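Protein chains: 4
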Amino acid sequence: MMLKIGVIGAGAIGKEHIRRCSTVLQGASIVAVSDINAEGARSAVTALGLEAKIYDDGHALIADPEVQAVLVTSWDPTHEEFTLAAIAAGKPVFCEKPLAMSAEGCRRIVDAEMRAGRRLVQVGFMRPYDDGYQALKQAIAQGEVGTPLMLHCAHRNASVNESYSTDMAITNTLIHELDVLRWLLNDDYVSAQVIFPRSTRNAHANLRDPQIVLLETRSGVRIDVEVFVNCQYGYDIQCEVVGESGIARLPEPASVQMRKQARLATEILTDWKDRFIRAYDVELQAFIDDVKADELRGPSAWDGYAASVAADACLKAQQSGSVEPVEMAPRPDFYPR
Amino acid sequence: MMLKIGVIGAGAIGKEHIRRCSTVLQGASIVAVSDINAEGARSAVTALGLEAKIYDDGHALIADPEVQAVLVTSWDPTHEEFTLAAIAAGKPVFCEKPLAMSAEGCRRIVDAEMRAGRRLVQVGFMRPYDDGYQALKQAIAQGEVGTPLMLHCAHRNASVNESYSTDMAITNTLIHELDVLRWLLNDDYVSAQVIFPRSTRNAHANLRDPQIVLLETRSGVRIDVEVFVNCQYGYDIQCEVVGESGIARLPEPASVQMRKQARLATEILTDWKDRFIRAYDVELQAFIDDVKADELRGPSAWDGYAASVAADACLKAQQSGSVEPVEMAPRPDFYPR
Amino acid sequence: MMLKIGVIGAGAIGKEHIRRCSTVLQGASIVAVSDINAEGARSAVTALGLEAKIYDDGHALIADPEVQAVLVTSWDPTHEEFTLAAIAAGKPVFCEKPLAMSAEGCRRIVDAEMRAGRRLVQVGFMRPYDDGYQALKQAIAQGEVGTPLMLHCAHRNASVNESYSTDMAITNTLIHELDVLRWLLNDDYVSAQVIFPRSTRNAHANLRDPQIVLLETRSGVRIDVEVFVNCQYGYDIQCEVVGESGIARLPEPASVQMRKQARLATEILTDWKDRFIRAYDVELQAFIDDVKADELRGPSAWDGYAASVAADACLKAQQSGSVEPVEMAPRPDFYPR
Amino acid sequence: MMLKIGVIGAGAIGKEHIRRCSTVLQGASIVAVSDINAEGARSAVTALGLEAKIYDDGHALIADPEVQAVLVTSWDPTHEEFTLAAIAAGKPVFCEKPLAMSAEGCRRIVDAEMRAGRRLVQVGFMRPYDDGYQALKQAIAQGEVGTPLMLHCAHRNASVNESYSTDMAITNTLIHELDVLRWLLNDDYVSAQVIFPRSTRNAHANLRDPQIVLLETRSGVRIDVEVFVNCQYGYDIQCEVVGESGIARLPEPASVQMRKQARLATEILTDWKDRFIRAYDVELQAFIDDVKADELRGPSAWDGYAASVAADACLKAQQSGSVEPVEMAPRPDFYPR
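Protein chains in written order, with the UniProt record's numbering: chain A, 1 to 337; chain B, 1 to 337; chain C, 1 to 337; chain D, 1 to 337.
So that you can see chain A by itself, here it is in the shape it has in the complex:
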């Protein structure tokens, strides 16, 4: 009972997912791979000794009757199109973030899925599958710290390259917090504000780095997220939930403790791929298992839409310097909490 998967897009992340399905995860096999560069698709397949059909057109792959489920890992601007096509074909689809290039695009996917009458879409937000965030959510749910009042968060990268622009602090970096914090609190954002501290000299000339994003939720929780993508010292994700009776903090990754050269130290990761490496496995295994059980439960098209709306407000707040509302459509019953 292997789930037969077709992968659209054989770039870096596409190859990773092909490898993952073939050599790490349980219960799925890659039966087709497409890429606008068919040779790229072919080499991805042969490199792993797989047998899979090669397409140069994602729509043809979706139409292949052998393909039972679709992974969309193509160029960002094509995500919406292929996701909509998969929905139209009635095939479950795992779409890497971003779900679409705009909130409106996400909304079109939401609407299409609702018309289809059942959940067919999982967005590639992996943090809810991270052991640490899971433990943090459980601690909140069990009332370990009482009702949450504030979140103090940080998203730090050692450095970014010249192509990284000020708005990408929202769309590429903060987007993960925008998703996972909604999930953590089971709440929605109502406003956003962005503050620019003195910029580090380690950022390139056109980038304002760090930034502090302030979010407010429907229930009044206040969130501050420091986004600092040239922090030099490592890749470091922090999340602290201040509740009415205590504080819970995202676990630091386990590490050998060293006493050495007058320091008592543990290691901080430097490569983001190491930080959530297990979560990537778990999210995709969950997609496979949930498709087989015919009940998708991971990050939904609605979650993709919600993150997109919040990101838009943050982008506006970057420009205006003011508090900007996050104006989201009411949650359809189709997407229960």
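Certain hints may be false.
One copy or two, it doesn't matter: identical chains are merged, so the pair holds either way.
As the list claims (entries may be wrong) - In silico lysine-lysine, DSS-like type, Cα no more than 25 Å apart, as pairs:
(1) K97 <-> K137
(2) K91 <-> K137
(3) K273 <-> K137
(4) K316 <-> K273
(5) K4 <-> K292
(6) K316 <-> K292
(7) K91 <-> K292
(8) K53 <-> K4
(9) K91 <-> K53
(10) K4 <-> K137
(11) K97 <-> K4
(12) K4 <-> K91
Just so you know, the hints here were simulated from the structure itself, not pulled from any lab data. As the structure is a prediction and not an experimental result, all values here were calculated from the model.
Using the hints, position chains B, C and D against chain A.
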């Protein structure tokens, strides 16, 4: 060569300082104590087996030729008057915070001291004398984390009583951060904003708790301070300095590490008096030593003024919900950095 | 290319491995299960909806031509017999610890495997597959702490039941350290000593608990292992490597950090199954992958023999109170370091 | 009411105590200093601007009627003689460790003090005055971890010079543990064993380093102390108390936590003088206060004797490789627990 000290005000903190000078510190003796209730002054003196003159008038104490230096620990509204009187008498004076009831009052003391032509005033801000803050400042000064860009701080009390009002989060609680963070960064504030998260149900009805205060400094450092005075779990002071190349964090107080009942734990203090108990000793010893060396170096009247101006802006920001400027007079050369 | 596995013994651990191979791991399928109680085998299989042949005799299962590799999870005293039979049949075999009931039994397996001319046996020591021990070994290998001189270790269980006897502190508990520490240091033991501290009142009457085992290795490293199986507070595995230039310590399991009720705390596990849950997956996946690559690299029959010889010396030392030699045959070239 | 103190021996530690009494502590003044090199005594006094009589003979200083209490900080072999002389003169005496060069010498002081009929001697063991050990003892006393069963300790120095010999690991280094662990447990040693791991190449040729000392107490507590005086990485004192229901560990010294260069680190001290700097102040202040209250309560001559007897057994165990008994005279009622 004992420094002969007169103490104005024999309440709780006055008694503490009398005890401190008599049984802990080096090189000073209490020769006079005044209180509007002379009996209170007398019992404070006899309880410790001291010999000291008793006054019911602080001005008479200041005038006593035997008194070489003055501690002002009287009712807050009298601080300005006695400090000005000590300056007029040319006697060094250690004045508990607040230096005066308004920024204007602080300014009058600044002006009087400048007219006197030498530093005579130390304000009772003790945090710069705390080992932890000292170590943090040293780490910054040595460039351990590069140029500071952001500070993330928290000031949490387990609980407060009914008399604690929303403005006291600024004037009684945040005031310590307003002083110590200026000293830590060697910088001045230019704006303040206050955010009110959802309030804890553990605060009494009229108190908005917690609050988040956002400060901006002249050099562009952005500071967030969570003030949460009914956090339930303990008295907890946090300060994290995010610099261009790393992050330095105020030490947690040393504590026995326990493995017990499925928890690996250290203790968090619950009484604020324990947290800075050594700093109180050190600040007063520094006053004694500096007076003898004829060179006051601790928190100055100018520092008292600066904290007061910043507090006023925060109070205004509590009301307005907006970003409020911190408008301070230019620093006179009399008070070098 | 699924590896077809037969499982001998459908008790608790047998069921676990069947579940693991069927729903977690990659590239294997369970094709046969045997148990002296055939009904037990059958229910294990049907509970997971598997299709597998049922045997009431392990030898018949081994002889089944469809079975490509064997898992021995039967009653301890039968391990040697089935492992020898698998070797005789030329089929790779993963045998749960203990490999045999005596060092002599282990030696018989070693000899049989050497006669077979290739590695066919992996013993179920999972700690070398734990992320933490892997990181610790890597730190040593990279010279992070210089040449190891001492190891300070602890193996603590919250409590054990009445059937746990003083010798089981060696054969059931310490046996894991006896394996993993040899692997960590790439060294062999030469002597053992056991010290009995004052016993806890939380142990039953006939159990001496805790115990301290002192080991010496060929290169002169000294190891102390505290075995304390009624420590009350949790399941806690500690390992500290003191080298010539620093100290490396096994990571604490990642855990949410809580500030609550005057404590700054992380959780300590209480169930041993949670501590090495991932390592169980990884060791069996490694067996599957290594069998397919025709190159077993995990804990060998020789490792099983070495642990057994060391355990015997510890048992003797429990009785004698003296330092007892660990007398092991020379390592055959067949088993390279 | 200043206590008038005479100091015998103006070497490094003598000068430190003179400075301490004059500029840090409360309620004492140095009125006389002796040294066999009177010029050394004189320069120690004038360097601090003190007025004190200078002697070249400790006995003359003891005889000076102005001297109310004596500090013995002279050459180790003279400690016994001067301490006995102070007892004979009925003057309280604080004697730096070692109290005498042998257990017999300590015993002579014990006998002399008992004949004098009141406690006159405090030995310079400062660890019981350390905040960390105080907190650890309190945790034990409050039953936080249940009855102690084992202690795991370490005493590590970054390095020692050529003059440090293998026996000094006991007499200069372990001696602090021998005192403080008796005090911590309120118990006595009954046996000692010494194990020599592989020696570090960072020790000079004639020094065996590290060493592991195993101690057994009357109540059956087992103690292991790693003594490692060329550990390279810092000065590090560890003490872990394993009790029936939990484990308590000596606090790490408070330190700024840094995130920097892929490490999350706190500092480890490198100079032993920094580690117990406060404890030196506190022990001597306690002596001053206790002398004034006419009730010495610090480490007694009996404690000095007990540490000396235990050290002798450890030295014997270094030679014999065997478990050696610690044979102490019964505790006289004169020295209550």
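Hint by hint, where does the structure go against what was stated? Just the numbers, ascending.
Numbers 2, 4, 6 and 10 - these are the hints that the structure violates, sorted from lowest upward.
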